[in-house]
Amino acid sequence: MKQNYEIDFSTGLSCPIPKSDYEHVLLAHGGGGTLSHQLISKLFFSQFDNEFLNEQHDSAIFNIDKSRLAFTTDSYVVQPIFFPGGNIGGLAVNGTVNDLVAAGARPLYISAGFIIEEGLLIEDLWKIVLSMKEAARKSGVKIVTGDTKVVDKGKGDKIFINTSGIGIIKEGINISPKRCVHGDKIILSGRIADHGIAIMSAREGLEFETAIVSDTAPLNELLDCIEKFGDKIHVMRDPTRGGLASSLNEIAEIANVGMLIEEEKISILDEVKGACEILGLDPLYIANEGKMIAIVDKEVADDVLIEWRKKELGKEAEIIGEVTSENPGTVVMKTTIGSKRIVDMISGEQLPRIC
Amino acid sequence: MKYLDEFRDGKAARKLSAEIKSVVTKPWQIMEICGGQTHSILKYSIEELLPEEITLIHGPGCPVCVTPLELIDKAIAIAQREDVIFTSFGDMLRVPGSKHDLLSIKAKGGNVKMVYSPLDAVKIAENYPDKNVVFFAVGFETTAPANAMSVIEAKRRGIKNYSILCSHVLVPPAIEALLSSKNNNIQGFLAAGHVCTVMGYEEYFPIAEKYNVPIVVTGFEPIDILQGILLTVKQLEAGKIEVQNQYSRVVTKEGNISAQKLLEEVFERTDRKWRGIGNIPSSGFKLKDEYSDYDAEKIFKVENIETEESPLCIAGEVLQGIKKPIECSAFGKECTPERPLGAPMVSTEGACAAYFHYGRYRHPEPALPSGRLVSES
Chain A
1 MKQNYEIDFS
11 TGLSCPIPKS
21 DYEHVLLAHG
31 GGGTLSHQLI
41 SKLFFSQFDN
51 EFLNEQHDSA
61 IFNIDKSRLA
71 FTTDSYVVQP
81 IFFPGGNIGG
91 LAVNGTVNDL
101 VAAGARPLYI
111 SAGFIIEEGL
121 LIEDLWKIVL
131 SMKEAARKSG
141 VKIVTGDTKV
151 VDKGKGDKIF
161 INTSGIGIIK
171 EGINISPKRC
181 VHGDKIILSG
191 RIADHGIAIM
201 SAREGLEFET
211 AIVSDTAPLN
221 ELLDCIEKFG
231 DKIHVMRDPT
241 RGGLASSLNE
251 IAEIANVGML
261 IEEEKISILD
271 EVKGACEILG
281 LDPLYIANEG
291 KMIAIVDKEV
301 ADDVLIEWRK
311 KELGKEAEII
321 GEVTSENPGT
331 VVMKTTIGSK
341 RIVDMISGEQ
351 LPRIC
Chain B
356 MKYLDEFRDG
366 KAARKLSAEI
376 KSVVTKPWQI
386 MEICGGQTHS
396 ILKYSIEELL
406 PEEITLIHGP
416 GCPVCVTPLE
426 LIDKAIAIAQ
436 REDVIFTSFG
446 DMLRVPGSKH
456 DLLSIKAKGG
466 NVKMVYSPLD
476 AVKIAENYPD
486 KNVVFFAVGF
496 ETTAPANAMS
506 VIEAKRRGIK
516 NYSILCSHVL
526 VPPAIEALLS
536 SKNNNIQGFL
546 AAGHVCTVMG
556 YEEYFPIAEK
566 YNVPIVVTGF
576 EPIDILQGIL
586 LTVKQLEAGK
596 IEVQNQYSRV
606 VTKEGNISAQ
616 KLLEEVFERT
626 DRKWRGIGNI
636 PSSGFKLKDE
646 YSDYDAEKIF
656 KVENIETEES
666 PLCIAGEVLQ
676 GIKKPIECSA
686 FGKECTPERP
696 LGAPMVSTEG
706 ACAAYFHYGR
716 YRHPEPALPS
726 GRLVSES
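The listed protein sequences correspond, in order, to chains A and B.
Position 219 of the first sequence, counted from 1, bears residue number 219 in the working numbering, the numbering being contiguous throughout.
Count along the second sequence from 1, add 355, and you get the number used in the working numbering.
For reference, chain A alone in the conformation it holds in the complex (with noise of 0.2 Å):
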């Protein structure tokens, strides 16, 4: 018998639809840049509302008895699913890893969802599972539920994992990025753009005298080691899709301040620089899956930098810049040769230049 569903228009649907340029999705809009953020706050947080949202982390915070949880998730739809230096199966687990360490929590438990292609080698999704069961080992989070769906050949791109994560955050800790605040220092772990590149290279095959390997890596020993300080660490970010630039911007917006940052205190690989160079892309923009910023009081600066030199992942850590009153919302850079320009909000993904 058929039966007739009866949709309630009364709530969202019979809102306006937000007015946009667009009226398809663009690739765009995953970027990470402003189009990206544009369909994100236009659409789903304008819709779904409420005071965990709004509070534009990468993770949910939420009390529940005692505790405090994050709650996060992320989506891998990486192509080639076999890069240098990792695979989709380890980039999803350390990457939702990383946005529980990014809020301060420490990771527990993490989902892992596969929507696989129909065709997809079982030798492959072999090697998927235990690249996430290795970053899980690493990491010292358990894969706990998961859910498998398998869509006709042509219907996807061999494999898409959604994973999602819940941490705890000890007492005392308490990120959110409108706590950036004036006279802040901003610390980078590590150098930048590695993964991007090591994608492209493999996606575009480009060779470089050495390999330039993906950074994927669990970033917890950085929250370790300095949860010590307590709620001088204001704000902490991993500069995955959109790059550094995008996400200090992001939070410069959210915060209202300025920042101040130094180029040439960030570090680049010189063989990714040369790839940039060849490409026409700006390394600023260029997602990295195992670093970390945290923007922190000025009077712990020195010591949250100290403490993570001594670790592994962290031990090209920099101080790149501060937080200022000028220009809020806008991130600002010293150049090389002395000048200041602005590092801006990227609008969508980034498109190598002609000449």
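Derived by calculation from the structure, the hints in this document are not laboratory data.
Just so it is clear, the structure is predicted and the values come from calculations on it, not from any experiment.
Be careful, since some hints might not be right.
In silico DSS-like links for lysine-lysine, alpha-carbon gap of 25 Å or less [as the list claims (entries may be wrong)]:
hint : chain 1 : residue 1 : chain 2 : residue 2
1    : A       : Lys155    : B       : Lys486
2    : A       : Lys334    : B       : Lys357
3    : A       : Lys158    : B       : Lys461
4    : B       : Lys376    : A       : Lys340
5    : B       : Lys370    : A       : Lys334
6    : B       : Lys679    : A       : Lys334
7    : B       : Lys510    : B       : Lys468
8    : B       : Lys461    : A       : Lys42
9    : A       : Lys340    : B       : Lys679
10   : B       : Lys463    : A       : Lys42
11   : B       : Lys461    : A       : Lys155
12   : B       : Lys468    : A       : Lys158
13   : B       : Lys478    : A       : Lys158
14   : B       : Lys357    : A       : Lys265
15   : B       : Lys463    : A       : Lys155
16   : B       : Lys454    : B       : Lys468
17   : B       : Lys357    : A       : Lys340
18   : B       : Lys398    : A       : Lys334
19   : A       : Lys340    : B       : Lys688
20   : B       : Lys688    : A       : Lys42
21   : A       : Lys273    : B       : Lys398
22   : A       : Lys153    : B       : Lys461
23   : B       : Lys370    : A       : Lys340
24   : B       : Lys463    : A       : Lys153
25   : A       : Lys340    : B       : Lys366
26   : B       : Lys366    : A       : Lys273
27   : B       : Lys357    : A       : Lys273
28   : A       : Lys265    : B       : Lys398
29   : A       : Lys155    : B       : Lys468
30   : A       : Lys153    : B       : Lys486
31   : A       : Lys153    : B       : Lys468
32   : B       : Lys643    : B       : Lys486
33   : B       : Lys376    : A       : Lys334
Following the hints, complete the assembly by docking chain B onto the known chain A.
Here is chain B on its own, set in the frame of chain A:
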């Protein structure tokens, strides 16, 4: 890293800045015609290191920006065909046509692919013999040899389903057009380093002599540009009119002869319309008749193109250096990188985009007070 570290060095920059300040005694207007140089000037805020006597004018050096609107509309019409795979460099994909851009055609299901090289497009044509593969061949002399090579390669391999939609433009005719315009106030030129890598710089001697302007072939790093400006200013102060080569680590007077031979084989000169400027005689390349099988304009006869430029866009005046982007009433308001009205706001080498991305916080009016783009709609 070699050539990056020393040509982006702060100490060297300060030294050149001091030398320029010590040499200059009166106001001078210097133009660069190269999107890469415009980009670098804004990215490194070179003007902060110059005395106020020197005004840098950004010329029509962005090939993306000067591609005629009709050709963008033709490209979009071709890209919408089911039998076509349309390939292009990245920055052409976002240039607004009269109604759409190529990226939105892609989003609607059009087969539009970004490539890094025209030879990648030839490979696509080989792999998809039942499709017509078109490459959007845009650029100055710099990218022309690779595009010529792609046509020669396709012919050599017997690939019949490859063609180029050609919009090549040439720098020296543009310089002459600007210098002979009655609005002209340019006193010195920085010539485009990579154009000259291909073509050499012999063509600039008669121009320098005819119009009494020093021309200095200049590279792209901040130290290159400061050196180029210093050489130009020294000539102007001394009343000299010469063609000099600052970018000598890459450029020779004769240029790349093999590359020039490729151009002679495949292309011939033609009149070209420059978007925002108008027709400049003999200022472009088109495919020779013997290569008409590879000419997308001849293969796909796209008729009835009605173009529609935004009435607010002053790209023409910006491209000729008559106005700066921040003097445009739509800058940062109706016209932003997300909603560009004209090409200079799209391409990363366009003057408007460069000003918006790197420098607008120093010019709070007419841009938004916080310098932050927030869509108001």
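Results for each hint:
no.	hint	in the structure
1	Lys155/A <-> Lys486/B	holds, 22 Å
2	Lys334/A <-> Lys357/B	holds, 22 Å
3	Lys158/A <-> Lys461/B	holds, 21 Å
4	Lys376/B <-> Lys340/A	holds, 19 Å
5	Lys370/B <-> Lys334/A	holds, 18 Å
6	Lys679/B <-> Lys334/A	holds, 24 Å
7	Lys510/B <-> Lys468/B	holds, 22 Å
8	Lys461/B <-> Lys42/A	holds, 23 Å
9	Lys340/A <-> Lys679/B	holds, 19 Å
10	Lys463/B <-> Lys42/A	holds, 21 Å
11	Lys461/B <-> Lys155/A	holds, 17 Å
12	Lys468/B <-> Lys158/A	holds, 20 Å
13	Lys478/B <-> Lys158/A	holds, 24 Å
14	Lys357/B <-> Lys265/A	holds, 19 Å
15	Lys463/B <-> Lys155/A	holds, 17 Å
16	Lys454/B <-> Lys468/B	holds, 20 Å
17	Lys357/B <-> Lys340/A	holds, 24 Å
18	Lys398/B <-> Lys334/A	holds, 11 Å
19	Lys340/A <-> Lys688/B	holds, 24 Å
20	Lys688/B <-> Lys42/A	holds, 19 Å
21	Lys273/A <-> Lys398/B	holds, 16 Å
22	Lys153/A <-> Lys461/B	holds, 21 Å
23	Lys370/B <-> Lys340/A	holds, 18 Å
24	Lys463/B <-> Lys153/A	holds, 21 Å
25	Lys340/A <-> Lys366/B	holds, 15 Å
26	Lys366/B <-> Lys273/A	holds, 21 Å
27	Lys357/B <-> Lys273/A	holds, 11 Å
28	Lys265/A <-> Lys398/B	holds, 17 Å
29	Lys155/A <-> Lys468/B	holds, 19 Å
30	Lys153/A <-> Lys486/B	holds, 22 Å
31	Lys153/A <-> Lys468/B	holds, 21 Å
32	Lys643/B <-> Lys486/B	holds, 24 Å
33	Lys376/B <-> Lys334/A	holds, 22 Å
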